[in-house]
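Per this note's numbering, the very first residue in the sequence shown carries number 404; after that it's consecutive.
It cannot be assumed that every hint is accurate.
Below 20 Å or equal to it, Euclidean Cα-Cα: the simulated PhoX-like pairs (lysine-lysine) are [stated by the list, open to error]:
1. LYS510 x LYS417
2. LYS417 x LYS500
3. LYS500 x LYS475
4. LYS475 x LYS495
5. LYS495 x LYS510
Between beta-carbon pairs, the in silico distance windows are [to be verified]:
6. GLY538 x LYS475: 24 to 34 Å
7. LEU444 x GLU416: 45 to 55 Å
8. VAL460 x VAL516: 40 to 50 Å
Honestly, the hints are just simulated from the structure, not real lab data.
C-beta: ideal position from N, C-alpha, C; glycine also.
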Amino acid sequence: MARYIDDILQPGEKVLYSTNAHWIFYLPAIAAWIAALALFLLSRGVEASGVATMWLVLAAAAALVALLATAKAWFRVSTTETDVTNLRVVHKTGFIKRRTFEMSLDKVESVDVDQTILGRILNYGNVTVRGVGEGVETISTIASPLDFRNHITAR
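Kindly generate the complete structure, drawing on both the sequences and the hints.
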């Protein structure tokens, strides 16, 4: 799948910085995989076949939930692009239903970064770009939000 930014670059425009949705979206899937593994190991440790079967069915259900959560997170991460070029800020989400946000760097008034404690530890956060006459746009849960902000504000 081609990157959106490569399709919309104008003549003389260069990508200066690219980031993506943070891997934190995989956290529910990771927890579900751990639960599936724990239930599977529990089924192996029980001698009664009826109880072992029950744990095995629960492990299979947890694995199915984990598989769906993994697919959902992968789809979200792979269909989200956030870039800074020498001319503008570009953010795209979605595949079939696409939502894009583009703002000229000349129109950027301020860039705010909002990080929780976990966000600071794992290097993710929300970035709010305020434009002169163009409104406010918040880009949620992106990786390396301070680097992203620095590439917008450094001219």
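Going through the hints against the structure:
1. About 18 Å separates the Cα atoms of LYS510 and LYS417, which keeps this hinted pair within 20 Å; it holds.
2. With a CA separation close to 26 Å, the supplied pair LYS417 and LYS500 exceeds the 20 Å bound.
3. Taken as a hint, the LYS500 and LYS475 pair is honoured in the structure, with Cα atoms around 15 Å apart against an allowance of 20 Å.
4. Among the hinted pairs, LYS475 with LYS495 is consistent with the structure: their alpha-carbon atoms are about 17 Å apart, no more than 20 Å.
5. Taking the CA atoms of LYS495 and LYS510, the gap is near 19 Å; set against the 20 Å cutoff, the hint holds.
6. One distance hint, 24 to 34 Å for the beta-carbon pair GLY538 and LYS475, holds here, with the actual separation near 29 Å.
7. In this structure the supplied range 45 to 55 Å holds for LEU444 paired with GLU416, their Cβ-Cβ distance being about 53 Å.
8. Checking the proposed 40 to 50 Å range against VAL460 and VAL516 shows it holds: the Cβ atoms sit about 45 Å from each other.
In terms of the numbered hints stated before, the structure departs from hint 2 and from no other.
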